[in-house]
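*Asks:* The listed protein sequences derive, respectively, from chains Y and A. Start counting the first sequence at 274; every next residue gets the next number (the working numbering). Start counting the second sequence at 10; every next residue gets the next number (the working numbering).
There could be a bad hint or two in this list.
[What the hints assert, rightly or not] The following label-pair restraints were derived from C-beta to C-beta distances: (1) Y:442 <-> A:73: 33 to 39 Å; (2) Y:395 <-> A:14: 31 to 37 Å; (3) A:150 <-> Y:288: 51 to 57 Å; (4) Y:449 <-> A:61: 30 to 36 Å; (5) Y:665 <-> A:187: 26 to 32 Å; (6) A:61 <-> Y:451: 28 to 34 Å; (7) Y:467 <-> A:88: 31 to 37 Å; (8) A:14 <-> Y:706: 27 to 33 Å; (9) Y:317 <-> A:73: 48 to 54 Å; (10) Y:294 <-> A:43: 49 to 55 Å.
[Stated by the list, open to error] Incomplete in silico selection of chain Y near chain A, CB under 10 Å: (11) 277; (12) 279; (13) 408; (14) 541; (15) 704; (16) 707.
[Said to hold, decoys possible] Derived SDA-like pairs: lysine to any residue, alpha-carbon spacing no greater than 25 Å straight-line: (17) Y:305 <-> A:101; (18) A:18 <-> Y:571; (19) Y:721 <-> Y:677; (20) A:161 <-> A:71; (21) A:167 <-> A:115; (22) Y:502 <-> A:33; (23) Y:347 <-> A:168; (24) A:18 <-> Y:665; (25) A:50 <-> Y:301; (26) Y:639 <-> A:50; (27) Y:356 <-> A:23; (28) Y:502 <-> A:42; (29) Y:639 <-> A:54; (30) A:18 <-> Y:561; (31) A:161 <-> Y:320; (32) Y:376 <-> A:27; (33) A:18 <-> Y:346; (34) Y:347 <-> A:13; (35) Y:347 <-> A:23; (36) A:27 <-> Y:469; (37) A:50 <-> Y:304; (38) Y:502 <-> A:161; (39) Y:376 <-> Y:360; (40) A:161 <-> Y:551.
Since the hints were made in silico from the structure, they are not lab data. For each residue, glycine too, the CB sits at the ideal point set by N, CA and C.
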Amino acid sequence: MSTGHSKAAKEFLKNQNYAKWHDATFWSVRSKRDNMAYGLDEWEQLREKASAIKRHTITHLDEYLDQFATNAEKNGCIVHWAKDANEFNEIVYGILKNHNVKKIVKSKSMLTEECEMNPYLEAHGIEVVETDLGERIIQLKGQKPSHIVMPAIHLNHDDVGELFEEKLGSEKGNHDPTYLTYVARLSLRNEFLTADAGMTGGNFGIAETGDIVVCTNEGNADMSTSCPKLHIAAIGLEKIIPNYDCLAVFQRMLCRAGTGQPTTTYTSHFRKARPTAHPMHIVLVDNGRSEWIGNPEHWEALKCIRCGSCMNTCPVYRRSGGYSYSYFIPGPIGINLGMLRDTQQHSGNVSACTLCLSCQTVCPVKVNLGDQIYQWRQQLDDFGTANPQKKMMCRGMSMVYGNQGVYNLGTALAHWANIIPSPLMNCGLNPWAEGHKMMTFPPKPFHKLIKEIEK
Amino acid sequence: MSNKEDILKRYRANVREKYDMPDLSDIKAITYPNPLVQFAKMSEMVGGQVIEVDQGRDVNVLIRELFPDAKEIASNLPEITIATRNPDTVGRARDLNGTDVGIIRGAFGVAENACIWIPQTMKEKAVCFISENLVILLPKSQIVNNMHEAYKRIQFDKTYDGYGTFISGPSKTADIAQVLVMGAQAARSATILLLPE
């Protein structure tokens, strides 16, 4: 009866010490978020406004995209439109080829993960260097991010220390995070100085001004665009917002919700290339978004600003880790985006939810994440991805509960199950016994007891 | 059909109910009895150092005292006389690597989160990030309460009109085991010199 998610989670839970650390770490990030939220009397008002701005913007996206592109072009940028991941990769490679680029440095971008851009460029002979420390670590390790804001959270300082000894020549046995961060700084500094192009994602695109706004703590987006002669910014269609007044609302919430900081260190506005560089390129990527907007139950997933707060608070994410999900974005938002992407491939994730709705209580833009997961579950049978064992159980239950005679007989006989020897009851054939202790049935069912009392 | 038309056409065909833009004028944003005090408090919280400069004090002398070992100092500000490099005249941005102290000017600060608006006012913006230590000169009268006020005020430079950034404290990361480390890829320290009127 296990889904793909629960099977993978079992692996994660084998290391109990680490699983406990993971859970506690994310709960502390959630607590930091709470401190920030409770520190502002207007927090709930901001959530309401943020949600309403996004609802408006993503249902008027054609107008705002056009305005954004017109202004960006007026600023001197070259704007590209990519229908899907493949087209996006081709466009980026085309730009790099035209400029004879051998190496690019890039800041963190979930969009380039979504489009699997790095392997595409590498297959075409371009060296890609991730410059967010967490992304760099997992790139050196040959892994994928396990969280959208803290991509290397599944590794501890010893893992990173051993990796740097091998890849960056750090001191043997020195696994102090401050030292390791410094080693990475020196190595990345060299990459920034020698790269031919810099690439960034974008947290927001501002229709009224054509700005691409990038928020980082490390300053790596700014370093990536300060020395190389070429800057390419990649941004999903839904990241466009109308103006600075709207941006103020999101800037105040993004980091408070995501990491519990009052702001990221850098909130950078890229409007055009540096005076000494080639024109800046902006690639607007659809890759499914123009279809998803038409989904009556799930279009609001497009409001997401990728802060990560829904995964930080999720009791299932905290106890199962990012790699337990089949989609590259884990947690509540990842479950929903994965299903929008491909129901056949990602149905296994919808079980990774207790419907506690903590995610939608903290979401700064009020995406109804848990409600959406519930909706997906109702459709599994239509997708042909419902679990046959669960289906059979549901049929059985509706037969028992829908028929008074059968129900009474069942409850009257249930206590006979108590005398079945434990090894038979708690074996692999009984899915209930997995992770549960089998319950003891009372000799008299509840409705019989009540009747006796009422006599 | 171009990609743009194709994408917008598909979007228009699929979008359902349209929602109105909310009124943002009624946001009851936080304000402070003394924004300067709050700004200084938040700056320290995010790992920055704040120094109020007395009237008549030479910032060059002060910066020298703060960074006695600094060899390479980069700035294009006319009042900075101790600079050894100028981001306006370096051949390439990468020539600014190895800068011990970079000195730049901030337009205004934000009390709620210690952000300082830094429009690009130099040929190579690298100086704001590549320097080991960043010093930001900020007139202490120029503090707003929150980001709503800040975004009503930001302006880009007339000459270098392509870039501007809010900076709040030094570059930082917690990507290794969630341990906070100052000095990831950009400046390892941020010192804000609050200048008198």
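*Asks:* Compare the structure with each hint and give your call.
*Replies:* Each hint tested on the structure:
Between residue 442 of chain Y and residue 73 of chain A, the C-beta spacing of about 36 Å keeps the proposed range 33 to 39 Å intact. Under the hint 31 to 37 Å, the C-beta atoms of residue 395 of chain Y and residue 14 of chain A, about 32 Å apart, fit the expected range. Between residue 150 of chain A and residue 288 of chain Y the beta carbons are some 55 Å apart, a value that agrees with the proposed interval 51 to 57 Å. As the Cβ distance of residue 449 of chain Y to residue 61 of chain A is approximately 35 Å, the hint placing it in 30 to 36 Å holds.
At about 44 Å, the beta-carbon gap between residue 665 of chain Y and residue 187 of chain A misses the expected band of 26 to 32 Å. A C-beta distance of roughly 30 Å is found between residue 61 of chain A and residue 451 of chain Y, which places it inside the suggested range of 28 to 34 Å. Residue 467 of chain Y and residue 88 of chain A have their C-beta atoms about 35 Å apart, which keeps the hinted 31 to 37 Å range intact. At about 59 Å, the CB distance of residue 14 of chain A to residue 706 of chain Y disagrees with the hint of 27 to 33 Å.
Range check, residue 317 of chain Y to residue 73 of chain A: Cβ separation about 49 Å, and the 48 to 54 Å hint holds. The beta-carbon spacing between residue 294 of chain Y and residue 43 of chain A, approximately 41 Å, falls outside the hinted interval of 49 to 55 Å. Among the interface hints, the one on residue 277 of chain Y is violated; its C-beta lies about 28 Å from the nearest C-beta in chain A, farther than the 10 Å criterion. For residue 279 of chain Y, the shortest C-beta to C-beta distance to chain A is roughly 26 Å, which exceeds 10 Å, and the interface hint is violated.
At a threshold of 10 Å, the smallest CB-CB gap from residue 408 of chain Y to chain A is about 8 Å, leaving the interface hint in force. Hint status for residue 541 of chain Y relative to chain A: holds, with the closest Cβ pair at about 4 Å, below 10 Å. The beta carbon of residue 704 of chain Y is not positioned within 10 Å of any beta carbon in chain A (closest approach about 36 Å), and the interface hint is therefore violated. At a threshold of 10 Å, the smallest CB-CB gap from residue 707 of chain Y to chain A is about 32 Å, leaving the interface hint violated.
Between residue 305 of chain Y and residue 101 of chain A the alpha-carbon distance is near 42 Å, which puts this suggested pair outside the 25 Å criterion. A hinted pair counts as satisfied when its Cα atoms are at most 25 Å apart, and residue 18 of chain A with residue 571 of chain Y qualifies at roughly 20 Å. With a CA separation close to 13 Å, the supplied pair residue 721 of chain Y and residue 677 of chain Y stays within the 25 Å bound. Between residue 161 of chain A and residue 71 of chain A the CA atoms are separated by roughly 33 Å; this puts the pair beyond 25 Å, and the hint is violated.
A distance of roughly 15 Å separates the Cα atoms of residue 167 of chain A and residue 115 of chain A; the hinted pair therefore holds under the 25 Å criterion. For the proposed pair residue 502 of chain Y and residue 33 of chain A, the alpha carbon gap of about 39 Å is over 25 Å, so the pair is violated. About 16 Å separates the Cα atoms of residue 347 of chain Y and residue 168 of chain A, which keeps this hinted pair within 25 Å; it holds. With a CA separation close to 44 Å, the supplied pair residue 18 of chain A and residue 665 of chain Y exceeds the 25 Å bound.
Annotation: proposed proximity of residue 50 of chain A to residue 301 of chain Y holds, straight-line Cα distance about 23 Å (limit 25 Å). The straight-line distance between the Cα atoms of residue 639 of chain Y and residue 50 of chain A is roughly 31 Å, outside the 25 Å bound, and the hint therefore fails. The straight-line distance between the Cα atoms of residue 356 of chain Y and residue 23 of chain A is roughly 15 Å, inside the 25 Å bound, and the hint therefore holds. Among the hinted pairs, residue 502 of chain Y with residue 42 of chain A is inconsistent with the structure: their alpha-carbon atoms are about 46 Å apart, more than 25 Å.
Annotation: proposed proximity of residue 639 of chain Y to residue 54 of chain A is violated, straight-line Cα distance about 29 Å (limit 25 Å). Distance restraint check for residue 18 of chain A and residue 561 of chain Y: the Cα-Cα separation of roughly 13 Å lies within the 25 Å cut-off, and the hinted pair is therefore satisfied. Only pairs whose Cα atoms come within 25 Å are accepted, and residue 161 of chain A paired with residue 320 of chain Y is accepted, the gap being roughly 20 Å. Between residue 376 of chain Y and residue 27 of chain A the alpha-carbon distance is near 44 Å, which puts this suggested pair outside the 25 Å criterion.
A distance of roughly 21 Å separates the Cα atoms of residue 18 of chain A and residue 346 of chain Y; the hinted pair therefore holds under the 25 Å criterion. The suggested pairing of residue 347 of chain Y with residue 13 of chain A holds, with an alpha-carbon distance near 17 Å, which does not exceed 25 Å. The straight-line distance between the Cα atoms of residue 347 of chain Y and residue 23 of chain A is roughly 29 Å, outside the 25 Å bound, and the hint therefore fails. Between residue 27 of chain A and residue 469 of chain Y the alpha-carbon distance is near 43 Å, which puts this suggested pair outside the 25 Å criterion.
In summary, the hint linking residue 50 of chain A to residue 304 of chain Y is supported, as the alpha carbons are separated by about 21 Å, within the 25 Å threshold. Annotation: proposed proximity of residue 502 of chain Y to residue 161 of chain A is violated, straight-line Cα distance about 31 Å (limit 25 Å). Distance restraint check for residue 376 of chain Y and residue 360 of chain Y: the Cα-Cα separation of roughly 21 Å lies within the 25 Å cut-off, and the hinted pair is therefore satisfied. Straight-line distance between C-alpha atoms of residue 161 of chain A and residue 551 of chain Y comes to about 30 Å, which puts the hinted pair past the 25 Å bound.
Of the hints listed earlier, those the structure fails to meet are numbers 5, 8, 10, 11, 12, 15, 16, 17, 20, 22, 24, 26, 28, 29, 32, 35, 36, 38 and 40, in rising order.
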